[in-house]
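Engineer: Sequence lines, in order, name chains H and L.
Numbering follows numbering that gives the first Met the number 0, with no gaps: position 134 of the first sequence is 133.
Numbering follows numbering that gives the first Met the number 0, with no gaps: position 133 of the second sequence is 132.
Mixed in with the good hints, there may be bad ones.
Stated by the list, open to error - Among chain H residues calculated to face chain L with C-beta under 8 angstroms, some are:
hint: 1; residue: Leu-21
hint: 2; residue: Val-34
hint: 3; residue: Leu-94
In case anyone wonders, no lab produced these hints; they're calculated from the structure.
Computed from a prediction, not measured in an experiment: that's the story for all the values here.
Here a beta-carbon is modelled for each residue, glycine too, at the ideal position from N, C-alpha and C.
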Amino acid sequence: MLSFLSSLAGGALIGLSALRLLVLNGRIAGISGIVGGLFSAIDARLVTNAAFVIGLLLGPLLFLRMYGALPVVRIETSLPWLGIAGLFVGFGTRLGSGCTSGHGILGLARLSPRSMAAVAVFLSTAMATVYLMRVGGAA
Amino acid sequence: MIVLRTVAALICGALFSLGLSISGMLDPHRVRGFLDVTGAWDPSLIFVLAGGVIVATLGYRLSRLVPRPLLDRRFDLPTKTAIDAPLLLGSALFGIGWGIAGFCPGPAVASLTLGVGPTLLFVITMVAGMVAHDHLVRRLIPTGPMKGARP
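Given these sequences and hints, build the entire structure.
Structural biologist: This is the structure:
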C-alpha cells in the first residue's frame, strides 16, 4: 500500500517538474530529447539542457537528504544485455521522438494521439520483452 | 533571462529526479516487475504515470492560458501530428530496450549519481544509440526539410 502512495507522490513531483519547465521555459520535459540534445547540436538550448541533466544527477542526493538513505537500484540484467538495451533505448527514443517522460507524461497530458500510440507501442513491446526473457531464461 | 531559464531547468531536473527516486522508477527490479504482467506483477508504478499525467495536465492547461512562457519568448511544443513509421518503430525499439534493462532514459541518468557501474555502461550505449540515430538521419536526409516534414 505504501509503495502505491510513494509512487503517486513521486509521479506528482515528476508532473510538477514538467509543469514548471513548461510554464517557465516553454519546454517539454522529455528526457531523451534533452539528453540527446546535448550530443546532437550546439544551439541555444545547450545550456538549459545541461542544467536540467545536472539537476537529474542531484535528485538522488536530495532523496538522501530527505530520507537518510539512497534510493534502491537493483539491476538484474547482465552487462552484455544492458549494453544492447542501451543502444535500443537510445536509438529508439530518438527515432520515436520521445520516451516515458515526453510521450508518457507530457504527451498523454496534452492528449496527443502520437504520444498515445507511442505509449501503447513501447508498453506492449516492453511487456512482451520481459515475458520472453522470463520464459526463455535470458539475461 | 538565460540565467533564470538555466536555474529553472536545474531545479526542474532535480525535482524530476527526486520524483523518480521517491516513486521507485530508479529501481530496474521494480520497473521490470511492473512490466511483468503475466508473472509476479507489481502494478504500483502505474501510479507514477497517473500522478505525473494529472499534474502535467494542469501544467499544460496553465500554459494555454498565458501567451508565452514566463522566462522565454515562445513555447517550444511538438508540431508533428501524424502517427508515422518512425514513431512506431522507434517506440517499439525503445520498449524492447526498456524491457531488457528496466531503465528508461531519466532513471538511467539519475542513477549515475549512485555510482552503479552497470548504469554507466547503459548510459554510454544509450548515448551512442542517440548519436548513431542522429548521424544516420543526417546522412539519409542531407539537405532541407523532408516533404511533409515540419520544423
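Engineer: Does the CB of H:Val-34 sit less than 8 angstroms away from some CB of chain L?
Structural biologist: holds (6 angstroms)
Engineer: Let's test the interface hint: is any C-beta of chain L closer than 8 angstroms to that of H:Leu-94?
Structural biologist: holds (3 angstroms)
Engineer: Tell me if H:Leu-21 is really an interface residue toward chain L, meaning its C-beta lies closer than 8 angstroms to one of theirs.
Structural biologist: Interface hint status for H:Leu-21: holds (5 angstroms vs cutoff 8 angstroms).
Every hint from the earlier list agrees with this structure, and none is contradicted.
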